[in-house]
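Trainee: Put together the whole structure using the sequences plus the hints.
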Amino acid sequence: DARVTQTPRHKVTEMGQEVTMRCQPILGHNTVFWYRQTMMQGLELLAYFRNRAPLDDSGMPKDRFSAEMPDATLATLKIQPSEPRDSAVYFCASGLDAGFLTDTQYFGPGTRLTVL
Amino acid sequence: RKEVEQDPGPFNVPEGATVAFNCTYSNSASQSFFWYRQDCRKEPKLLMSVYSSGNEDGRFTAQLNRASQYISLLIRDSKLSDSATYLCVVNLRNTGFQKLVFGTGTRLLVSP
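Here the protein sequences come in this chain order: A and B. Counted from 1, the first sequence has number 96 at position 7 by our numbering; the numbering is strictly sequential. Counted from 1, the second sequence has number 1090 at position 15 by our numbering; the numbering is strictly sequential.
Everything labelled a hint here was simulated from the structure, so no lab data went into it. Hints should not be assumed to be uniformly reliable.
[To be verified] The calculated label-pair distances, taken between Cβ atoms and stated as ranges, are:
#1 103(A) <-> 1090(B): 42 to 50 Å
#2 193(A) <-> 1082(B): 21 to 29 Å
#3 1149(B) <-> 193(A): 18 to 26 Å
#4 1078(B) <-> 142(A): 20 to 28 Å
#5 1186(B) <-> 116(A): 19 to 27 Å
#6 1128(B) <-> 130(A): 27 to 35 Å
#7 105(A) <-> 1090(B): 25 to 33 Å
#8 117(A) <-> 1132(B): 39 to 47 Å
#9 1082(B) <-> 153(A): 31 to 39 Å
#10 1092(B) <-> 155(A): 41 to 49 Å
#11 1187(B) <-> 151(A): 48 to 56 Å
#12 1145(B) <-> 173(A): 34 to 42 Å
#13 161(A) <-> 1104(B): 44 to 52 Å
The C-beta atom is built at its ideal place from N, Cα and C for all residues, glycine as well.
Mentor: What follows is the structure, encoded as structure tokens:
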């Protein structure tokens, strides 16, 4: 049963520290998404890759956030420096964009980040 | 105005009840629609896609009204295991790539 994996599952850090979250998409999927979920805002799209190329990162604060896909099996989301308002659950999702509007996204278990 | 709006609930219903959720979306260019389910402290998972003709999957029925820009989900014969948050999702496909926009969810609590 193929799944998206994310590490770490939980992270507590202090303000100003660098945080790196990792995601392994489902093998064969060509799209990767990073979302942030908070109680107030719900799920927000931060970044979107297709075939490892960044297509949309308009939802991501550029001054402190960066997202990369060094290879097809690894996506990273980095926050530097972290701030308390970054506390949230960060989900990675992957999918197979075959051009159909019903393409499904499969979510990883999330990284629960707390910035003190 | 949010792109996708849902009543946050919670909807408290007894087992066996029928419950319905609605969701409205603002972008008329939205091209496909979904309901996702999210259990507490878990990731969202696809429940069902929503088609213009309406579609049914067991106890779940989804409807789409493009003219009024709303989507509905009907759950019949509610089970305790249906307790979760239901996320309404629209797919904006423009400039060649898709973008899923999520509502903040409607929470359902089914009690014995």
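Trainee: Quick one: are residue 117(A) and residue 1132(B) within 39 to 47 Å, going by C-beta?
Mentor: 26 Å, violated
Trainee: Quick check on a hinted range of 21 to 29 Å for residue 193(A) and residue 1082(B), using CB atoms only.
Mentor: 25 Å, holds
Trainee: Verify the CB-CB distance for residue 1128(B) and residue 130(A) against the hinted window 27 to 35 Å.
Mentor: Distance hint for residue 1128(B), residue 130(A) holds at roughly 33 Å.
Trainee: Okay, residue 161(A) versus residue 1104(B) on CB: inside 44 to 52 Å?
Mentor: 31 Å, violated
Trainee: 18 to 26 Å was suggested as the range; check whether the CB atoms of residue 1149(B) and residue 193(A) agree with it.
Mentor: 22 Å, holds
Trainee: Tell me if the beta carbons of residue 105(A) and residue 1090(B) are separated by a distance inside 25 to 33 Å.
Mentor: Between residue 105(A) and residue 1090(B), where Cβ atoms are some 50 Å apart, the hint is violated.
Trainee: Taking the Cβ atom of residue 1187(B) and the Cβ atom of residue 151(A), is their distance within the range 48 to 56 Å?
Mentor: Holds - the Cβ-Cβ distance for residue 1187(B) and residue 151(A), about 50 Å, lies within 48 to 56 Å.
Trainee: Within 41 to 49 Å or not, the Cβ separation of residue 1092(B) and residue 155(A)?
Mentor: 47 Å, holds
Trainee: If you check the beta carbons of residue 1078(B) and residue 142(A), does the distance land in 20 to 28 Å?
Mentor: 25 Å, holds
Trainee: Taking 31 to 39 Å as the stated bounds, is the beta-carbon spacing between residue 1082(B) and residue 153(A) within them?
Mentor: 34 Å, holds
Trainee: Do the Cβ positions of residue 103(A) and residue 1090(B) conform to the proposed distance bound of 42 to 50 Å?
Mentor: Taking Cβ atoms as reference, residue 103(A) and residue 1090(B) lie about 46 Å apart, which means the hint holds.
Trainee: Given the range 19 to 27 Å, decide if the beta-carbon distance of residue 1186(B) to residue 116(A) lies inside it.
Mentor: 41 Å, violated
Checked against the numbered hints given earlier, this structure breaks hints 5, 7, 8, 13; the rest are met.
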